[in-house]
Structures are given as C-alpha cells and as structure tokens.
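**Student:** Each chain, written out:
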Amino acid sequence: MKNLFKKPRSLWIFLGIFLLASFLTIGSCARRSALKQDKGGAAEAATLTYVAPGDIDEYYLFYSGGHSGNVYVAGVPSMRHISTIPVFAKYPATGYGFDKESKEMLGDYDWGDVHHPALSETKGDYDGRWLFVNDNGNNRVARIDLRDFKTKQILGPVPNVSGFHGGAFVTPNSEYVLAASRFSIPLPKGTAASVEEYASKYKGVVSGIAIKPDSGEMSVGWQILMPPYNYDLGDAGKGPSEGWAFWTSYNTEKAIGKLEVTSTQRERDYIVAVNWKEVEKAVQAGKTQVIDGVPVIDPVQNPGLVYLIPCSKSPHGVDISPDGKWIIGSGKLQSITTAYSVEKMLAAIQAKNFSGEEDGLPILNYDAIKEAEVNVGLGPLHTQFDNQGNAYTSLFVESAVAKWRLGSWDVVDKIPITYNIGHLATAEGDTVDPDGKFLVALNKLSHGTHLNVGPSQPESTQLIGIETEKMKLLYNAFTEPEPHYAQIIKADKLKPIEVYQKEENKNPFAIWDINDAKAERTADGVVVKTVLVRSTITPTAVEVNQGDKVTFHLTNIEQTTDELHGFGLLEYNINVVVDPGETKTIEFVANKPGVYAYYCTNFCSALHQEMQGYLVVKPK
Amino acid sequence: MVTEEAQTAGANGSHSWIRRFLVQKYDFLEQPIPLISRLLIIIASLALLFVFLFPLWNMTFFSNQYTDGLALDIYAYRLEGAKTPNRDDLREINSLNHYIGMRPLLESDFSEFVWLPFAIGGLVLLALRAVVLGKMSKLVDVFVLFVYFSLYSLWSFYYRLHSYGHNLDPTAAIKVEPFTPPLFGEQVVGNFTVYSYPDVASYLFIVYGLLLLAALVWAWRGYKRDLRASEAAS
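Chains as they are written, first to last, in our numbering: chain A, 1 to 620; chain Z, 1001 to 1234.
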C-alpha cells in the first residue's frame, strides 16, 4: 500500500474516475433544473388581470360545465367564477329542478352533458340575447335567456339524434342551432340492430333546430340522414361561406369495437360540408321522409346538399375564419392543420372536381381546395381568431397553443399550457369581428397545480394575453368539471335585469299583498298562495290532511336587487329560491304526517332566522 | 530470461523485435500478479458488487405535461420507473407508448435481466480467481472478457431500443416513423425530449475496468523494471 501512494500516477487514475463520475452527475442535475418554467413578468400579469374591488370585468366568459349539467359564468380578465347557470341538472342553490316549471323542463333526466355553449348572433356577431347549449348525454338542447341568465327551454331528447355532440352552433343570424349525432344508431329510436350491422343499419343525423327570431323558441326544423360516422364538432359559415355548415367526422371506417384502434386505420376522415340553405329549400319542396315526426332528407337522393372534405384522420374542431374565407380543420393525431379555401371549395363543387365518393356522397378533391398545411405542432384540436389576422390552435398532445397567421400560414409563436388543452376561446372569437386581447385555454388536466383537494381534481382554465406579438400567460384559474368549450362576449352587449318587475309578472297565481296570502282547500288538496318578503313567509302556518296534494305558489314581492328568498320544507326534499318579483310553484303530496317547518333558505335580512313557518299534516 | 533462440533470431534482423516482444509477453503472462495489483483487483470486484444497488442507465422524458420528467431507471436485473404515491412513471410511459403502437416495457421480456446478473457474478468470481491463482494470464483473461462483455451489453441495449422503436404495431392510432430511442444523449421523440445517460452502476463498471487496467499496468511496469534491473546486473 505504501507504494500505491508513493506513485502519483495511480492516484491520478482514481482522481480521474471520481472527477468523471461527479461531472456526469452534476451535468444531469443541471439539465433537469434548466427545464423549470419561467415565472417572470408577475407584476405585469397581475396588473393585466387585476380587477379592483368595486370594478367589474370587461368580458363575460360562458363555459360549459360538461357532465355537471351546468353552464358557468366567469369574468375576464379576473377569471373569477361569478355564477352557475343550472341547465340539465337540479341545483338546490337556485331551487332549479324543484319547482313545477323547471321540474317539467328537466323531465325524467337527472343529468346532462353540456359541451358547447353558443351565443346567439345577428349578422355573425354576438347579440347577447340567448345562449344555446347542447346535451351530449341525453340528446337535448337548451336555451338560456341572457336577460335573466335562466334556462328557459329544454328541447328533447331530439328524435333520431344520438349523442348531441356536434352542437350547439348557431347560424350567423340565429336561424338555426345546428347539431349532429356523435353516436350513430339504427333509426328511428327504439329500433334494435346488432352492432355487427353497424355499417349498414346505423345512421348519423345532422339537425337544424329552428329558432324563432323574436322569442328564441326552438323546434326541430329538419334533419339530414348521414352515413354512420361519428360527427364531432361543427361551425357555421359566414360571409362567403354563409349558408354552409361544417362538421368534423371520425370513424369513417364505420368500425365497431375498440375504436381507439379500429377507427384510426385510415389516414383521412372527413369534414362534412352541408349547404343548409339548400337543405332548407329541399325540405320546403317536400323532398323528405318523416322519421319519428321529423322531416328527414337523404343527401344521396338529393345531390348538392352534402360534400365530404378529406381531412387528416380523427379531426376534432373545424373552424371558420372571421372573414368566412377559410375552413380550418385538423386531425388530432397529426402535427399539421389544414386551411381550406372556401372560394376553391365552391369552385370545386361547381366543376364537380371530386376525388371519388363514399356512401353516395361526393368527396371534394383535397389538393384542389387545400390552401395551406400549417405546421402548428402535435395534436391540433381547435382554432380561434383575433382581430389581427391571427389564428390560435390548441395542441392537445403537445399541451400548447400555436399562434399563426392567416394568409402567410406562418407559425409565429407557441406557449406551453398546464396541461393538455382541449378547447380555447378568444374574446368574441367565433364572430365576424373578434376582439383579440384575451385567450382562455380550457385544459383537461390540472395535475395538482393547485392546493391539494384529493384525487378528484378540478380542471384548469388559463388566461393568456394576446395583445402582444408574443403570447403571455397571465392567470391560472381552476374550474369545475368540465369546460369543453367557452365563448367570451363583451360585457356591455348584455343588459341583464336584476329584479323581475311587478308589472311583467303574468303568473296567474302571483299575489302582491300579504293579506291575499292564504291556504285554500280545493277538490283534491290544498293550494297555498304565499308571499315571501322580509322577514316573513305568509301564511306562517298551513294545515293539511295526510294524503293531500299540496301546492305552494310562492311570490317574492321584493323589488330590490339581491333580495332573494328561499323556501325549504324539511324532510319533504324541497327547496326553491325565488328572485325579487318572481313567482314559483311547488307541488307535493303530504304523505308524511306530523309537523314540518319551512323556512327561508337564502339569507335575506337581520331577521332571516325568524323567517319560518309550519306545515301541519294531520294523520288520516 | 531471454532464450537463445530469440538471440539467434535477433541476429537475423527485422523479425527480431517482434519475436522479442511476443516472447516477452508470453513471459509476462506467466508472471505472478504483484501484491498491489491483487489489491486493485479485489477493490474492482468489490466495486462491481455494488452494481446491483444502482441503476445502470437512466432515461428521462420531458414534455409540457411532464416538466419534471418521466424517469426510467434500468438496473442490471430490473426496470424501475420513478414512483411516487401520485405517479407511476413506468405505467405512464407504457400507456403513452401504446398510442404509437410500442410494446409495453415488461421486465419479463428482458432476457438481459437474467444473464446480466449471472455475467456480473462471473466477472467478480473470475477477478477473484485471478487474485487467488495469481497468474498474470488470468488477469488478462478477465480483462478481455470484461471488454467483450461491456461491448456486447451496449450492443444488446442498443438493439433493444432499436427493436422497441421499430416493431411498432401497424394498427396503432398514431403512426410514427420507426425510430431508435437515444442510447446516449438527447433526442426529440414526438412531444417528448428524451435524455438517456449512463447512471452510477455503469460508472462502477468503468471503475472495475479501469482498476483491472491499473492492475495490469502496475504489474507490467514492475515486470519491465525487474527486466531492466536484471539486464543491468548481467
């Protein structure tokens, strides 16, 4: 051993080994820390998103609540969640689904799957009247009135539609809410055919839900019988493409089973181009068959209505640029998005420039209508636009947003998203006149980027500033499941009321004087006309017999903003909230004898706690 | 120590130095291993035993979704993804790879995990055998075997990577060009940037090899010194 240390060369060998090892270890640590995210610019971001107490946001963000059945309302740029609009599910907080009217609207369904909110439009611009939402779960479509932010109509289950995913998209003058079937089925509903017969017996459907211009009342206008593809998302044309509507489709293989594999074997699926104005004419000309009460048109028998546009396989979004000239479609497994020229599409249709046909429908020649393939990045899903001629495409696989230019087709910026962005929304981004300024990324995963709330994690929405050349991440918000799509509208376009004026309350059971409040026995039970006002529920006691059908007509006679009153009835599973000037009706059978308290559930005043009464149910 | 034959050949000119070199080497191989060299070999063997405690190789996959990286440690006898109560990286890597039709990484598919530990044990035993039997040729044997083993293992690892990246299920949802994940260094694969580098156990292999080499060099230098001394004496 003595010799070993006398010999400097042996020592060098050891030193060398250790140096090499340490060097490599340090190197690997350094490369990991280099990938940490840049969190600079906090002050700037905070200023851009700060809405001081007393101030209000510049924009409304309406985002879908997915399988919660709700629509959520937030302010932009603060990203504060302000309100929840219940649509397809009961919501005790507002009493939705407990009173007679909303119970009848919900019918037998306890849930819905809200995907794509669509603001009503006039001349291709949001007009702030209504918000339409689809129900992918139970094939319905609903209208929310933006005058009072309440769900006013639920249409459906719509006949022949299965999985109302490809909606709701409105035409530029809100003539129609357009929607398409995600899951083809044998028609009419009620027909059973084995999935082995999928390709021949199953059918997809594209629906035009007609909207009454004055009231917004929806009815099923017409439907188009489609091959059994899965129809995903759509958009209505505008400007030069007005009169057309576009849907993406997947599984044009018409495969069954493990679709993850079976539906992804072809390199291309289709964007379906529908000339809805021509469909309207054909329907008026009576070229339809009636299936389950709906006039249905067969596009194979009636050429000129539907064309297939080849698109990279498994596309999700198809989006029309604000000027209506470009159709942007992307296969969600590729790294490019395709911009198709509407002008070229119309020319190709004129010239019958088809590359073939499938299921009797002509396929437009891809090369003839393609304007550009934009190398946006991996997993392009959905595209939105600003006022500077830029497009923004969400990239699911890459978890990023790509910014690129319409016309030059250059990708100019990219920003990473935490995590897995689905849809995105820019301010007024679906209109002919977007505002730019802000982009909201609706992310599928939040991956614990928030205070830990256990395994059931919220989704995340991120606010991105797009006023500058480089996109800037401004704010992270966390939202309830599950924002599939959102629209952002300038706040001053909406003029919601805060109080229902007494004069407009036409409910025949409304009363405005405490002295009119009373319980009356009718042929089959008891009807109680009830007044809710600070701080009494009148009458303060009601006596009924066990087995009576009991009806409470509840009028909140307040005419002051935010003076809501609730009516909760213990152990009868009833709670409603009545807004100022509103009348709601609850009905139930008094099948449990005894004494049950009712009380105001929505805090109202200093003596809110005293606002209570008793229902006495006398046993048989 | 130099034979008569060699001296005769030396007189014949150009072949003489080759002959002398070979003869000298044969002679060296018959020499006993000096003490210091034996100690170095023992340290080398001990170092090799620690190979089982550390990963041989590390691959880390970074993307926007995984800014902290999905980590895969390859040991001599098993695969181990980084694992926390909130994430199982091996499972995660396999479920992501299925989209491009890559076969799942399963320990049971790797015959390496059987023969590598056996071979490593063999290298330890052969090194100790050289210490006990004490002849230079035994040390040369184990060193040559080690070099062969290292090169073969690297090739085998490369071949594994190549075949995982080239035998992709043709029915996969996402079709990618066949590729070879990086053996050493950094590579962009889809939305991931992959870093692949040797880890502690590989450095232990290097230590083992270098120590054996040091033992050889030490013995050779001693041998040459003794040779010069005896030449000077004669």
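Treat each hint with caution, since some may be false.
[Claimed, not checked] Derived pair list, reagent style EDC-like, types lysine to aspartate or glutamate, alpha-carbon separation capped at 16 Å:
1) A:Lys470 <-> A:Asp413
2) Z:Lys1025 <-> Z:Asp1141
3) A:Lys90 <-> A:Glu104
4) A:Lys620 <-> A:Asp548
5) A:Lys493 <-> A:Asp57
6) A:Lys325 <-> A:Asp413
7) Z:Lys1175 <-> A:Glu260
8) A:Lys258 <-> Z:Asp1141
9) Z:Lys1175 <-> A:Glu267
Everything labelled a hint here was simulated from the structure, so no lab data went into it.
**Student:** If a hint holds in the structure, say so; if it doesn't, say that too.
**Tutor:** Hint-by-hint comparison with the structure:
no., hint, in the structure
1, A:Lys470 <-> A:Asp413, "holds, 6 Å"
2, Z:Lys1025 <-> Z:Asp1141, "holds, 14 Å"
3, A:Lys90 <-> A:Glu104, "holds, 12 Å"
4, A:Lys620 <-> A:Asp548, "holds, 10 Å"
5, A:Lys493 <-> A:Asp57, "holds, 13 Å"
6, A:Lys325 <-> A:Asp413, "violated, 23 Å"
7, Z:Lys1175 <-> A:Glu260, "holds, 13 Å"
8, A:Lys258 <-> Z:Asp1141, "violated, 56 Å"
9, Z:Lys1175 <-> A:Glu267, "holds, 9 Å"
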